[in-house]
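Protein chains in written order, with this note's numbering: chain A, 1 to 412; chain B, 1 to 288; chain C, 1 to 301.
Derived from the structure by calculation, the hints contain no laboratory data. Not one of these hints is a red herring.
Quick list of simulated restraints, FRET-style, between CB atoms:
(1) F127/C with G37/A: 53 to 59 Å
(2) F64/B with Y69/C: 35 to 41 Å
(3) G37/A with F153/B: 38 to 44 Å
(4) K243/C with K9/B: 39 to 45 Å
(5) D105/A with I74/C: 55 to 61 Å
(6) R134/B with I190/C: 55 to 61 Å
(7) N153/C with E347/A: 48 to 54 Å
(8) Y26/C with G23/B: 56 to 62 Å
(9) F153/B with P103/A: 48 to 54 Å
(10) F64/B with I190/C: 46 to 52 Å
(11) R32/B with S344/A: 52 to 58 Å
(12) L68/B with P33/A: 36 to 42 Å
(13) Q98/A with L68/B: 31 to 37 Å
Per the computed footprint, the stretches of chain C lying under chain A, defined by three or more beta-carbons under 8 Å from a beta-carbon of chain A, are:
(14) 144-156
(15) 234-247
Note that beta-carbon positions come from the ideal geometry of N, C-alpha and C, so glycine has one too.
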Amino acid sequence: MYKLIIITSLMIASSYFSCYPQEKTKITFLGWPDPGGGFEEVISDFEKENPDIDVEMIKGPTSTDTRETMYVTSFLAGEATYDMVFMDIIWVPKFAKQGWLIPLDGWFKEERKEFLPGDIQGSIYQGKIYRVPLQSDAGVLYYRKDLLEKEGFMPPQTWDELIKISQKLQNPPHLWGFVFQGKQYEGLVCNFLEILWSFGGDIFDKKGNLILNSPQGVQALEFMYKLIHTYKITPEGVTTYEEEETRHIFQEGRTIFCRNWPYMWKLTQEENSPVKDKVGIIRIPHKEGKNSFSTLGGWGFGISKFSKNKSACIKFIKYITSYQAQKKLHLKSGIVPTRKALFSDEEILKLNPHYPDLYQILLSAKPRPVHPEYAQISDILKRFIHKVLLGELSPKTALDKAELKIKKVLKE
Amino acid sequence: MPKSFDEQKFGLLLILPSFILLGLVALYPILRNLILSFTENDQFIGIKNFILLFQDERFKSSLFNTLLFCLISVPLQLFLGLVFALILQQRFFTRGFVRTSVFLPWALPTAVMAVAWKWIFNDTYGVFNDILLRLQIIKEPLAWLGKPDLAFFCIILAEVWKCTPFVTVILLAGLQSIPPELYEAISVDGANTLQRFRLITLPLLRPFLLVALVFRTIQALGVFDSIWVLTGGGPGGSTEPISLYVYDTVFRYLKFSYGSTMVIFSFILSLIFVFIFYKFWGDRQIEY
Amino acid sequence: MSLSFINFGETDKLSTKKYRFSPIIYGLTQISFYLLVIFIVILHLAPFLWQVICSLKNVDEIYSLPLKYIPSKISLSAYRDLISNPLFLRYLLNSILISLSTTFFCLLLASLSGYALSRLSLRFKTFFQFLLLIACLFPQIIFLVPLYELMANLKLINKPLALVLPYVTFSLPLAVWVMTGFFQTIPKEIEEQAIIDGFSRLKILTKIILPLSRPALATCAILIFIGPFAWNEFLFSLSFMIKDTSRTVPVGIALLSGASMYEMPWNKICAACVLTTLPLIIFVIIFQKRIIEGLTRGALK
Numbered sequence: 001m002y003k004l005i006i007i008t009s010l011m012i013a014s015s016y017f018s019c020y021p022q023e024k025t026k027i028t029f030l031g032w033p034d035p036g037g038g039f040e041e042v043i044s045d046f047e048k049e050n051p052d053i054d055v056e057m058i059k060g061p062t063s064t065d066t067r068e069t070m071y072v073t074s075f076l077a078g079e080a081t082y083d084m085v086f087m088d089i090i091w092v093p094k095f096a097k098q099g100w101l102i103p104l105d106g107w108f109k110e111e112r113k114e115f116l117p118g119d120i121q122g123s124i125y126q127g128k129i130y131r132v133p134l135q136s137d138a139g140v141l142y143y144r145k146d147l148l149e150k151e152g153f154m155p156p157q158t159w160d161e162l163i164k165i166s167q168k169l170q171n172p173p174h175l176w177g178f179v180f181q182g183k184q185y186e187g188l189v190c191n192f193l194e195i196l197w198s199f200g201g202d203i204f205d206k207k208g209n210l211i212l213n214s215p216q217g218v219q220a221l222e223f224m225y226k227l228i229h230t231y232k233i234t235p236e237g238v239t240t241y242e243e244e245e246t247r248h249i250f251q252e253g254r255t256i257f258c259r260n261w262p263y264m265w266k267l268t269q270e271e272n273s274p275v276k277d278k279v280g281i282i283r284i285p286h287k288e289g290k291n292s293f294s295t296l297g298g299w300g301f302g303i304s305k306f307s308k309n310k311s312a313c314i315k316f317i318k319y320i321t322s323y324q325a326q327k328k329l330h331l332k333s334g335i336v337p338t339r340k341a342l343f344s345d346e347e348i349l350k351l352n353p354h355y356p357d358l359y360q361i362l363l364s365a366k367p368r369p370v371h372p373e374y375a376q377i378s379d380i381l382k383r384f385i386h387k388v389l390l391g392e393l394s395p396k397t398a399l400d401k402a403e404l405k406i407k408k409v410l411k412e
Numbered sequence: 001m002p003k004s005f006d007e008q009k010f011g012l013l014l015i016l017p018s019f020i021l022l023g024l025v026a027l028y029p030i031l032r033n034l035i036l037s038f039t040e041n042d043q044f045i046g047i048k049n050f051i052l053l054f055q056d057e058r059f060k061s062s063l064f065n066t067l068l069f070c071l072i073s074v075p076l077q078l079f080l081g082l083v084f085a086l087i088l089q090q091r092f093f094t095r096g097f098v099r100t101s102v103f104l105p106w107a108l109p110t111a112v113m114a115v116a117w118k119w120i121f122n123d124t125y126g127v128f129n130d131i132l133l134r135l136q137i138i139k140e141p142l143a144w145l146g147k148p149d150l151a152f153f154c155i156i157l158a159e160v161w162k163c164t165p166f167v168t169v170i171l172l173a174g175l176q177s178i179p180p181e182l183y184e185a186i187s188v189d190g191a192n193t194l195q196r197f198r199l200i201t202l203p204l205l206r207p208f209l210l211v212a213l214v215f216r217t218i219q220a221l222g223v224f225d226s227i228w229v230l231t232g233g234g235p236g237g238s239t240e241p242i243s244l245y246v247y248d249t250v251f252r253y254l255k256f257s258y259g260s261t262m263v264i265f266s267f268i269l270s271l272i273f274v275f276i277f278y279k280f281w282g283d284r285q286i287e288y
Numbered sequence: 001m002s003l004s005f006i007n008f009g010e011t012d013k014l015s016t017k018k019y020r021f022s023p024i025i026y027g028l029t030q031i032s033f034y035l036l037v038i039f040i041v042i043l044h045l046a047p048f049l050w051q052v053i054c055s056l057k058n059v060d061e062i063y064s065l066p067l068k069y070i071p072s073k074i075s076l077s078a079y080r081d082l083i084s085n086p087l088f089l090r091y092l093l094n095s096i097l098i099s100l101s102t103t104f105f106c107l108l109l110a111s112l113s114g115y116a117l118s119r120l121s122l123r124f125k126t127f128f129q130f131l132l133l134i135a136c137l138f139p140q141i142i143f144l145v146p147l148y149e150l151m152a153n154l155k156l157i158n159k160p161l162a163l164v165l166p167y168v169t170f171s172l173p174l175a176v177w178v179m180t181g182f183f184q185t186i187p188k189e190i191e192e193q194a195i196i197d198g199f200s201r202l203k204i205l206t207k208i209i210l211p212l213s214r215p216a217l218a219t220c221a222i223l224i225f226i227g228p229f230a231w232n233e234f235l236f237s238l239s240f241m242i243k244d245t246s247r248t249v250p251v252g253i254a255l256l257s258g259a260s261m262y263e264m265p266w267n268k269i270c271a272a273c274v275l276t277t278l279p280l281i282i283f284v285i286i287f288q289k290r291i292i293e294g295l296t297r298g299a300l301k
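Please take these sequences and the hints and turn them into a complete structure.
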């Protein structure tokens, strides 16, 4: 008993006195678990070139929302726990509005045109830029090349074509036509937006007016509902799928088409994947006469207002978003680059023959509404879209209600 | 007992460290929330937030979900906990092992087990569907987490599985504190098993049942981890409890004062429950 | 009638004294009792057992259909990955340190407070009870930001104390309740006798009351250690322990990832779950015996 007391008190006391030799400038940021070790390598390269700067990447959990909470908590406490902010594209307006980020216009002006336009657009809030994009991400349609080729089908450009092919080739429940992310989470909004845009609709127009509740909006929601209940090419369980669930279904060969992010490519081409060499990527289909758009995801670096080492941060951000560093990150960790030039890089093209296609898709990808209250808007959308998928609400009613709620949020 | 000054001092000394800790770690944040709920951007706005709260559809729906969740899961836990405690009370071969197994669900990390449950309830690869299909209880795989009623069932199942051991432990301690002489005495008077249970066991267990009831209810009112992982409040917000809405309001919408308002409301709600429980169930004898 | 050998709430052996019926019926009721016990054990262990099974599978086997209940090849790769990860061992160590400290200090404070509340009349008693009550009536989430500020101001971020302080505080209500309830079952005569014999209050507490309280202390210890504010706690640990080397196990499990951002390496997650429960199971086994020990010594005499 006494031993326990002594040991415990000693350990607590020692934790009080642990010191930190502070000679170098130290900057930190919160990232993800860094599979592949790309970040670690780039960081150590940077530290070799800049021996007076120590960069620490704190590895956070996989869940984006949890990492967001960690950033928010430190900002709320006014703490410089993280000097740089490795952020999702949708955090930018929210953090910028709160004044937690410093604008980067001072040194990030000319370089912008080297980067993908959608990623830049999503990093700007009220005319100032707060984030340098590092990783790009956009929704794409994966399909089973082999199944289509066997029947002589071309990859679908329109939704009608996709439906036709699916109905012809599918064999539910062993082989479905089309799966997407239909669970009530951010992914659902990404999927919905792609369909909405492909029908010619949008949430806000160029002037910022709410145009969600339009005939195109209704058509889009109706279409999603019909996929499950009328055309029957999508399983009912889609309302519980996130990215991983759809990947497994596609990878196990249980669906012809799958909408997902670029990350899935590498995994489907691994040695033991049942669909290795049978996979193709194309744009998200559109309605006849309209255009295809993908929802833009992606990550980048901002600088916290509370950081005491802002110049060191600038140096590091410039470094990690450079051509060489992005290339390394791609080769080691599969990160989709944001610099346009990298999509013509020989080495990268050799590994990823689908990259030219991906590049075109990324060029036309659109970010989600860049609005500080986006989180609330998104949550409202999620609920109502999900209810429509479940058949609990008709598309028109859902949009009417959603519109009312979003208007309320915008007024605040 | 003589109420000497020394005794007072001694008593105060005993509770002093706890007092300080509670004041610092528990009271200060609560007071801060109370103040925040009456302000908006550092300006005093009176009860405007509370009025907004009562008009908030999403809040009303989350309140309903929370209450329904408590109403179903808590009595279930109490009942099962009592049954298990009674059984564990008996002396039988491998009792030690059985006791340890029964404590297990409570010991596992909530968030991690919720991820496991999510996988168990998966419509394609989940064990739950698999077993039900094999036993021919259902004909087709069900989307457990995709339909509102089924999802609600899932969160209750996960909660009851995790939290019943808590009740079992408390009731077991209670059962073991009942002096055996009481049973002997009443058997002499010719009471049968059921009467023994009704006249001795149940009344003497009352304080422990009360403790279990109060703590389980309060924890159920504040449930967060498991639902957040398992359903995220879906589908369609049908499993969203108050705490999840608070989380979104504070950390995603950054509406701190409104969040505080919700918190104060749930605090008052919990107080009401505790008050009701004590009024109708509290035994004067055991009150301290 | 045929259940008469089961004594509701009584601790003596399965009594066959009152039993007058044929051995066959006795045998049947015995069997049905054991069947019930087995069913209960399966209910409690099943999800966990599934974790164990999945932790031994190869990654691809987890997603193959139809479901395999017995892995065709037992693969310890998940465990090997975990154990060879020094960071994961560090997480375990942190969890053990923090949980043990929490349990110890909480028991200490709870016994002192519980004794004061059950025996002595104090001026601040009601206020103190009120504090205890409100400490557990709020959803945990709302303490997050104010406490983070507090810990940052006290320079405790990344130090174990940042977690031990709130854990002890929030575990107090239940612990105090249990200890107080137990102290009240100790007959006052014992203390009155001790006072007459000239013992000081402090001596009574340490030499008489505490030793008698072993079963309650044991129960309390279990409830604290495996409760929501020690081993399993996630939110505060995630927010206050930012450095890798300071993290605890539940957060560590959340950090496990596969080759991509969205991947969940199920075999590793399951293995981690199994590994992290082992200390808990050991803890419970140790203390579980103590409960019985304390009682057979006639603690109430």
